[in-house]
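Colleague: Chains A and B, in that order, are what the protein sequence lines are. Its first residue numbered 110, the first sequence is counted upward by one per residue in the numbering used here. Its first residue numbered 110, the second sequence is counted upward by one per residue in the numbering used here.
Treat the hints as calculated values from the structure; they're not laboratory data. Hints may contain errors.
Repeated chains share a single entry, so a pair holds when one copy, or any two copies, can fit it.
[Stated by the list, open to error] Straight-line distance between alpha carbons at most 27 Å, and here's what the computed DSS-like set of lysine-lysine pairs gives:
1. K245 with K205
2. K316 with K245
3. K375 with K392
4. K277 with K316
5. K316 with K198
6. K219 with K322
7. K403 with K392
8. K245 with K198
9. K316 with K205
One letter stands for each residue in the lines below.
Protein chains: 2
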Amino acid sequence: MTEDTSKSPTPRVPANRDGVVISVDAMGGDNGPSAVVAGMAESADKNPEIRFIVHGDEVQLRRLIGRRKVLADRCDIRHAPGVVTMEDKPSQIARKGADTSMWAAIESVKQGEAEVAVSCGNTGALMALSMLRLRKLPGVNRPAIACLWPSRNAQGFNIMLDVGADIKADAPDLLQYALMGASYARNGLDIARPRVGLLNVGTEEHKGRAEMKQANDLLIAAASDSNFDYVGFVEGGDLPGSRADVIVTDGFTGNIALKTGEGTAKLVGEFMRDAFRNSIMSKFAALLAMSSLKRLQKRIDPRRVNGGVFLGLNGTVVKSHGSADATGISAAIKLAFQLAKSGFQDRLAARVAKSAGISVSATDAETSS
Amino acid sequence: MTEDTSKSPTPRVPANRDGVVISVDAMGGDNGPSAVVAGMAESADKNPEIRFIVHGDEVQLRRLIGRRKVLADRCDIRHAPGVVTMEDKPSQIARKGADTSMWAAIESVKQGEAEVAVSCGNTGALMALSMLRLRKLPGVNRPAIACLWPSRNAQGFNIMLDVGADIKADAPDLLQYALMGASYARNGLDIARPRVGLLNVGTEEHKGRAEMKQANDLLIAAASDSNFDYVGFVEGGDLPGSRADVIVTDGFTGNIALKTGEGTAKLVGEFMRDAFRNSIMSKFAALLAMSSLKRLQKRIDPRRVNGGVFLGLNGTVVKSHGSADATGISAAIKLAFQLAKSGFQDRLAARVAKSAGISVSATDAETSS
Numbered sequence: 110m111t112e113d114t115s116k117s118p119t120p121r122v123p124a125n126r127d128g129v130v131i132s133v134d135a136m137g138g139d140n141g142p143s144a145v146v147a148g149m150a151e152s153a154d155k156n157p158e159i160r161f162i163v164h165g166d167e168v169q170l171r172r173l174i175g176r177r178k179v180l181a182d183r184c185d186i187r188h189a190p191g192v193v194t195m196e197d198k199p200s201q202i203a204r205k206g207a208d209t210s211m212w213a214a215i216e217s218v219k220q221g222e223a224e225v226a227v228s229c230g231n232t233g234a235l236m237a238l239s240m241l242r243l244r245k246l247p248g249v250n251r252p253a254i255a256c257l258w259p260s261r262n263a264q265g266f267n268i269m270l271d272v273g274a275d276i277k278a279d280a281p282d283l284l285q286y287a288l289m290g291a292s293y294a295r296n297g298l299d300i301a302r303p304r305v306g307l308l309n310v311g312t313e314e315h316k317g318r319a320e321m322k323q324a325n326d327l328l329i330a331a332a333s334d335s336n337f338d339y340v341g342f343v344e345g346g347d348l349p350g351s352r353a354d355v356i357v358t359d360g361f362t363g364n365i366a367l368k369t370g371e372g373t374a375k376l377v378g379e380f381m382r383d384a385f386r387n388s389i390m391s392k393f394a395a396l397l398a399m400s401s402l403k404r405l406q407k408r409i410d411p412r413r414v415n416g417g418v419f420l421g422l423n424g425t426v427v428k429s430h431g432s433a434d435a436t437g438i439s440a441a442i443k444l445a446f447q448l449a450k451s452g453f454q455d456r457l458a459a460r461v462a463k464s465a466g467i468s469v470s471a472t473d474a475e476t477s478s
Numbered sequence: 110m111t112e113d114t115s116k117s118p119t120p121r122v123p124a125n126r127d128g129v130v131i132s133v134d135a136m137g138g139d140n141g142p143s144a145v146v147a148g149m150a151e152s153a154d155k156n157p158e159i160r161f162i163v164h165g166d167e168v169q170l171r172r173l174i175g176r177r178k179v180l181a182d183r184c185d186i187r188h189a190p191g192v193v194t195m196e197d198k199p200s201q202i203a204r205k206g207a208d209t210s211m212w213a214a215i216e217s218v219k220q221g222e223a224e225v226a227v228s229c230g231n232t233g234a235l236m237a238l239s240m241l242r243l244r245k246l247p248g249v250n251r252p253a254i255a256c257l258w259p260s261r262n263a264q265g266f267n268i269m270l271d272v273g274a275d276i277k278a279d280a281p282d283l284l285q286y287a288l289m290g291a292s293y294a295r296n297g298l299d300i301a302r303p304r305v306g307l308l309n310v311g312t313e314e315h316k317g318r319a320e321m322k323q324a325n326d327l328l329i330a331a332a333s334d335s336n337f338d339y340v341g342f343v344e345g346g347d348l349p350g351s352r353a354d355v356i357v358t359d360g361f362t363g364n365i366a367l368k369t370g371e372g373t374a375k376l377v378g379e380f381m382r383d384a385f386r387n388s389i390m391s392k393f394a395a396l397l398a399m400s401s402l403k404r405l406q407k408r409i410d411p412r413r414v415n416g417g418v419f420l421g422l423n424g425t426v427v428k429s430h431g432s433a434d435a436t437g438i439s440a441a442i443k444l445a446f447q448l449a450k451s452g453f454q455d456r457l458a459a460r461v462a463k464s465a466g467i468s469v470s471a472t473d474a475e476t477s478s
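The shape of chain A in the complex, shown without the other chains (with noise of 0.2 Å):
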């Protein structure tokens, strides 16, 4: 553990030196500092390569990490007086959150510090932050949060976005959701040309309002350009499905979809344990199958997926659920650490500029992916 503290300048964690850096917003979520270190430290155990800015109480933040040998030497920790509460409205923290742990996961962001910004807290007010101090990457009109969504593909999910950075959505939005969301499943699952499909209420082509067939066509004159298949408009019932890896809407009707999934498949894990505390005869059998339903588990568990990207900014942001534990916080870490790793970034930033006729480096369009 560095034992710099706030009132000095703090040594900077050079990105290339000692592995990926990856900025923490320790304070703001539903189990304070103490869940956020021992994802952390679940994280740090299982990857080398990565290392910490922590924010937040330098007190607390001493003291649990201070707990946990796998974090000595890999933590810088920065003293942020200031939480983000649930409560708090996005545009009080813009105007008055500077000393926040939000606030300063993000501005290691900013300043190149860290690679990738992770943060438990309110969602909104870390999205008016990112807004705020990162700002939209030149060619996006709105930025995107992406999730992460248990699937029959291979690749065992599939991407859906926006799930609520932005209550509505145009088609040229869509279109760079499309093309933010293709990069995405590049970089982040390695799926070489990922299938993009619309989210609508029917796949015929006449089907769904009037943006929704003006997004269609420019995702169909975009594709090919673009290196993603496009599939059409899907379903909601594809978004567990195997028809496409990317599944584009707006951020009203994804915020709804996300949260109806994630609510169903807890009803249906609530309904199988009730069964199996059903009666002496399905507690034996549940007692027998105990390791492959310990495997359904892990599969259904949306702790799993747990990391929702900003997409659209000049820098990543992840997103944890607010209620994550440690095995939540310690799977979006590892999403920032495999987004930092690839380049995530630069390669983002070069398809929309790409595709916003913004001039690039000829190398840098080339080689995005």
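Assemble chain B onto chain A, guided by the hints.
Modeller: Below, chain B without anything else, positioned relative to chain A:
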């Protein structure tokens, strides 16, 4: 089985002589008339009060119904040569579909010889014909389709609407959906005072699109006088939850939420079956837990909640899943029966009229529930 054919004038089946008459479109489902007749038989077997007017290919229907003892003397078969396919466009059917079984099934409701129509055909065509032949109720702007959603509530289900009658809804439409959904909950689910929620991306008052805020104000104003409790904004996770009995949204969002929930439940079910096939031990466990697993399967079986109800027309139409088998069709018929038996249609009409300020007899308005 009555032996009248469509060639001679068909004697009407009086609604209140021998029970409740349901008009059935026997064609157009994915599994053809044999599944429909099997569903009718399942339903008739459990319910001595039920009678049918069955529309479709007379030769096929006569043969299929002739094999089911329980349907003898309870079916009035009406020949309709035309079939609406899943590929037919609603506008074409509205112009040229007068010879189809779907058209005839709705006509029986219009003519007052049946109280509710049931079809598992093309949803768009069914809505178009229902609008064309039954017309909108006085005071209704957009009819809606309401579905049942398995939930943690005491009644085991929540009602969500609109799930796809229309792709948009403004604030006054959402208010009407609330009135119609609450009426459905009172008559279809026996909930004396339903709790109504408005689907949004967050529960705080400032969240969501402008029409959500307007609808929120309208619902607050309408609730006390309309015999329901308004619980405010709810989220996707509340669809299977216990915060509300009726959840109101536009048809675009509702359709995507419905299909997302169905898709997710199906995926979890598949994962569960995989888990129990995983090892000899788990296969043995599945045998031991067979009765519990069957109960679980029943609890999450989408066929049990089969039946979208068209609300806001001069007559009630129940849309069964296109892929419904006998169990699914029987569930849709049971729902149709329950709504017919409760006098739902008249009560709904009185409720909507009262809210729209259309004069109705004092008795109707007071007893409407």
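Colleague: For every hint, state whether the structure bears it out.
Modeller: The hints, checked one at a time:
1. K245 with K205: within (21 Å within a copy, 53 Å between copies)
2. K316 with K245: between (32 Å within a copy, 23 Å between copies)
3. K375 with K392: Result: close both inside a copy and across copies, 20 Å intra and 24 Å inter.
4. K277 with K316: Classified as both; 19 Å inside a copy, 12 Å across copies.
5. K316 with K198: Answer is between: at 11 Å across copies they meet the 27 Å cutoff, but 37 Å inside does not.
6. K219 with K322: Neither: 37 Å inside a copy, 36 Å across copies.
7. K403 with K392: Answer is both: 15 Å inside a copy and 15 Å across each meet the 27 Å cutoff.
8. K245 with K198: within (21 Å within a copy, 43 Å between copies)
9. K316 with K205: between (45 Å within a copy, 21 Å between copies)
In summary, the structure is inconsistent with hint 6 from the numbered list given earlier, while agreeing with all the others.
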